[in-house]
Structures are given as structure tokens and as C-alpha cells.
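Novice: Listed here are the chains, written in short residue letters.
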Amino acid sequence: DGGITQSPKYLFRKEGQNVTLSCEQNLNHDAMYWYRQDPGQGLRLIYYSQIVNDFQKGDIAEGYSVSREKKESFPLTVTSAQKNPTAFYLCASSIGGWSYGYTFGSGTRLTVV
Amino acid sequence: DQQVKQNSPSLSVQEGRISILNCDYTNSMFDYFLWYKKYPAEGPTFLISISSIKDKNEDGRFTVFLNKSAKHLSLHIVPSQPGDSAVYFCAASYLGFDGATNKLIFGTGTLLAVQP
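Top line first, the protein sequences correspond to chains D and V. Sequence positions in the first sequence follow the working numbering and run 853 to 965. Sequence positions in the second sequence follow the working numbering and run 3 to 118.
Covered stretches of chain V (in silico footprint by chain D; criterion: 3 or more residues with CB under 8 Å from a CB of chain D, positions within the stretch not fixed):
#1 42-48
#2 108-118
For lysine-lysine, the following DSSO-like pairs were computed, each having C-alpha atoms within a straight-line distance of at most 30 Å:
#3 V/K7 / V/K70
#4 V/K7 / D/K909
#5 V/K70 / V/K39
#6 V/K73 / D/K909
#7 V/K39 / D/K909
#8 D/K861 / D/K909
#9 V/K39 / V/K58
#10 V/K7 / D/K935
#11 D/K909 / D/K923
#12 V/K39 / D/K861
#13 V/K56 / V/K39
#14 D/K909 / D/K935
#15 D/K935 / D/K866
#16 D/K861 / D/K935
#17 D/K922 / D/K935
#18 D/K861 / D/K922
#19 D/K861 / V/K7
#20 V/K73 / V/K56
#21 V/K7 / V/K73
#22 V/K39 / D/K923
#23 V/K73 / V/K39
Source of the hints: derived by calculation from the structure; they are not laboratory data. Where a beta carbon is used, it is the ideal one built from N, C-alpha and C, also for glycine.
Could you put together the complete structure from these sequences and hints?
Specialist: Below, the structure is given as C-alpha cells:
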């Protein structure tokens, strides 16, 4: 079955540490995205990548970094510069560009302790 | 600046009745609208969409209505079932200035609870 896998489902991080969230898809989608969900704020775009080795900042990129070395993978690093990292993180992919057919992963809940 | 707004954070309806979820937007450049459904600790799943050239789209129990003059869309679920209980996000898309890039903007979500 094709799909998009995020791991881990739950992640705890100490303040001051960087942490990397994994996102892998086997849908052969060109575009991948990272969103953050906070209560009452909807889904906010962090970073997106339309092709391999290329990515752009979304609306709230500060304190985050990404890489896109392979079509299937789009890991997100939450750095110590991110002031409020505790949130639910969602990865998505689509066939190309900003196609309307987004497929989402099941998310990673990050908690800073 | 919230371009897509869902002013009702929650909604409770009885099983078998109609659920109406509302969404307002401010950007007249939006040309495509979508509804996503999300269960706790899961990713959103696509539910139904509508192009700005239409005013209604129906898929089984789900119907989306678009009123462009009022910049308002709504999702109707008839009849509502307990399994419909979830958070519903509306989203809007527009073609960017480069002529090739659409951007998807999500609302804040409405938690629907369908009571048996």
C-alpha cells in the first residue's frame, strides 16, 4: 500500500536540543510539505519542497531546517532556536507543485520537557 | 492575518440530523476550496472539494456549497453519523504570482460531535 509514514509518533526533547522528525513516502509524489498544528491555529506551513534538492520556506520556517536528498524523504529538524517547539507536526505530499491532492502522514507529537 | 476562518470551534448534533460546518475567507483570489477531516493523533484526510466556478458539489452524504459574493462556504453532512465525529478543516487555494504555484491555506478547524 502506498502512503506517507511519519516517525516517531511521539517524541520528547529537552530544551536546547535539536531533534529530527522523519517523513517517508512511497507514492512517487514530487512535492512534500511540513505543517505544524497548534490548538486554535489550524495548520501552518513550515517548509515545502517541489523537487529533490530544492525546498522553500513556508510561513513559519524560523527555528526549523529541512533537506530533500531523496524523492521519498523529507526530514524536518526542529532546532534549539525554535522558541515554542511543542506541537503536532504533519508531513504531506502531492503529485506535483501545489496539486490539490494532498496526502498527509499520521503526524508526530513533539513535546519539550 | 487569518485568510480562512472557521468561527465555530465546535459543533454538536444528534445522529441522523444535518451537520452544517461553515468557513469564511477574505482573499478573492482563492480559486479552489477543500474540506479535510481529522481524527485525533492522525493526519487529515481529504473529504470533498469545489472549484470557484461552481456553487455546489455533492458526494454521498457530503455537500459543499460556495457563495463567492459572500466569500463563504459550508459543508453539509446529511444524515450525520457518530463516525463523522472529528475535526473538520476547510482549506483554500490560489494561483501564485509566478503563475504556476498554488498555495493551500487552512482554517482553524471545527470539532464536530455527533451524539448517538
